[in-house]
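Number of protein chains: 2
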Amino acid sequence: MNKPSPTAPSSRTRIRRLPELANYERAALHEIIDQSYVCHIAFNDGESTHCMPTACWRQDDYLYIHGSNGGRLTKVLLAGTQVSIAITHVDGLVLARSAFSHTMNYRSAVIYGAFEAIEGNKDKLAAMDVFMDKIAAGRKHQARPGNDKELAATSVLRISLAEAATKISNTNPVDKEEDLNLPVWAGVLPMAVKHGEPIPADNGAIPIPDYVVRWAHA
Amino acid sequence: MNKPSPTAPSSRTRIRRLPELANYERAALHEIIDQSYVCHIAFNDGESTHCMPTACWRQDDYLYIHGSNGGRLTKVLLAGTQVSIAITHVDGLVLARSAFSHTMNYRSAVIYGAFEAIEGNKDKLAAMDVFMDKIAAGRKHQARPGNDKELAATSVLRISLAEAATKISNTNPVDKEEDLNLPVWAGVLPMAVKHGEPIPADNGAIPIPDYVVRWAHA
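Quick mapping for you: the protein sequence lines, in order, are chains L and S. To convert, take the position in the first sequence, counting from 1, and add 110; that gives the working numbering. To convert, take the position in the second sequence, counting from 1, and add 110; that gives the working numbering.
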């Protein structure tokens, strides 16, 4: 691991702890974002440092978010504030033979930079369509699209993924030599986000779309 | 919702967007922390704002983390830096009849304050035992405990949950009156973290502990 990035990482994205887990590759970064519905955005508003969860999606090499024009997060981000964004998937608990060798399997991404606003209703709608495709592919042709009033009240923002790093741990337990023969079970307890059965809001009058039928099996 | 807190929230923990979702109650906050293996910590190191994931656990009204003494995060936190910590669970996608009425069901917590170090090997070990109980109840009696050298290299820190707020959304789709009769399926697509089958590192020579047997069914 610890491969150099196609675009050299900045000092902020150089992994300091466990650098052997660093992974600067685009594909891994994109997958971490695509598999998450939320990111955590750290910013300082001049008074305090904040950490806020918000929905996110990706197109090409940008992470997108949206928000009400009146929201504090939106206002601070539209001012060009530098941010740090983290997304983390926990894939398992790694149980070693000694307490201090326990660890987790995870995939995380950290992104640095500033957001820019998507301007114009056409580009805003196009960006929101990508979000809808992430939620349910094909639904953008069914749900009523945003109208001018809804679009005007909503900011769509994106941040470049140029300054980003991923850190991935996918390991079996690693114990010290002297602990290997202890009579203690060692192994991995895996976990993952799973989909449940869709819960319709109607009484079955509306045909169930394919993407809803597939949800619980995806 | 939007109940006042038993301890009045600070200006930083007053929920600005969708205040009707604010929930200042301790039980909800504790559950959000207890169900998560990681938190995201936002801090400013004097140069940049950062957002870092790290393992977390809870005892009483404190959130705990640990880290290598040499880590940047540990050093910054031991200096008493003010932080904001977020934990978020995504429980489902809420598909409304209009695009802009789509939302998510989630439970999130944001905590403000500064960490303090747990001093002394006895208290550090006791705190780490609570972490092990979260990972696997009973395992603290089986795995080799941390020795003096391991403990000396590790910082255990805690932050009070006094300045914290939760935000919980658990709703069916809410459409505007004029959209209710659109022929569009509406409902909730649930999701949750599920446990998979344990993966032993041994060849079955070690008896499988009860907490491992139970993992996939928890």
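Hint data in this document are derived by calculation from the structure and do not stem from the laboratory. A couple of the hints might just be wrong.
Among chain L residues calculated to face chain S with C-beta under 7 Å, some are [said to hold, decoys possible]:
1. TYR147
2. GLY156
3. TYR172
4. SER218
5. ILE228
6. GLY297
Subject to a maximum C-alpha distance of 25 Å in a straight line, what follows is the list of computed PhoX-like cross-link-like pairs (lysine-lysine) [what the hints assert, rightly or not]:
7. L:LYS234 with L:LYS250
8. L:LYS234 with L:LYS304
9. L:LYS304 with S:LYS244
10. L:LYS259 with S:LYS286
11. S:LYS304 with S:LYS244
12. S:LYS250 with S:LYS304
13. S:LYS286 with S:LYS244
14. L:LYS286 with S:LYS232
15. L:LYS244 with S:LYS304
16. S:LYS259 with L:LYS232
17. L:LYS286 with L:LYS250
18. S:LYS244 with S:LYS259
19. L:LYS286 with S:LYS250
20. L:LYS304 with L:LYS286
21. L:LYS232 with L:LYS244
22. S:LYS286 with L:LYS250
23. L:LYS286 with S:LYS304
24. S:LYS234 with S:LYS185
25. L:LYS234 with L:LYS244
26. L:LYS259 with L:LYS286
27. S:LYS244 with L:LYS244
28. S:LYS185 with S:LYS259
29. S:LYS304 with L:LYS234
30. S:LYS259 with L:LYS244
31. L:LYS185 with L:LYS234
32. S:LYS232 with S:LYS244
33. S:LYS304 with L:LYS304
34. S:LYS286 with L:LYS286
35. S:LYS234 with S:LYS250
Heads up, the beta-carbon is just placed ideally off N, CA and C, and yes, glycines get one too.
Verification of the supplied hints:
no. : hint                   : result
1   : TYR147                 : 5 Å, holds
2   : GLY156                 : 11 Å, violated
3   : TYR172                 : 18 Å, violated
4   : SER218                 : 5 Å, holds
5   : ILE228                 : 15 Å, violated
6   : GLY297                 : 4 Å, holds
7   : L:LYS234 with L:LYS250 : 14 Å, holds
8   : L:LYS234 with L:LYS304 : 30 Å, violated
9   : L:LYS304 with S:LYS244 : 21 Å, holds
10  : L:LYS259 with S:LYS286 : 13 Å, holds
11  : S:LYS304 with S:LYS244 : 16 Å, holds
12  : S:LYS250 with S:LYS304 : 24 Å, holds
13  : S:LYS286 with S:LYS244 : 43 Å, violated
14  : L:LYS286 with S:LYS232 : 23 Å, holds
15  : L:LYS244 with S:LYS304 : 21 Å, holds
16  : S:LYS259 with L:LYS232 : 61 Å, violated
17  : L:LYS286 with L:LYS250 : 54 Å, violated
18  : S:LYS244 with S:LYS259 : 24 Å, holds
19  : L:LYS286 with S:LYS250 : 18 Å, holds
20  : L:LYS304 with L:LYS286 : 34 Å, violated
21  : L:LYS232 with L:LYS244 : 19 Å, holds
22  : S:LYS286 with L:LYS250 : 18 Å, holds
23  : L:LYS286 with S:LYS304 : 30 Å, violated
24  : S:LYS234 with S:LYS185 : 17 Å, holds
25  : L:LYS234 with L:LYS244 : 16 Å, holds
26  : L:LYS259 with L:LYS286 : 62 Å, violated
27  : S:LYS244 with L:LYS244 : 33 Å, violated
28  : S:LYS185 with S:LYS259 : 19 Å, holds
29  : S:LYS304 with L:LYS234 : 35 Å, violated
30  : S:LYS259 with L:LYS244 : 48 Å, violated
31  : L:LYS185 with L:LYS234 : 17 Å, holds
32  : S:LYS232 with S:LYS244 : 19 Å, holds
33  : S:LYS304 with L:LYS304 : 6 Å, holds
34  : S:LYS286 with L:LYS286 : 61 Å, violated
35  : S:LYS234 with S:LYS250 : 14 Å, holds
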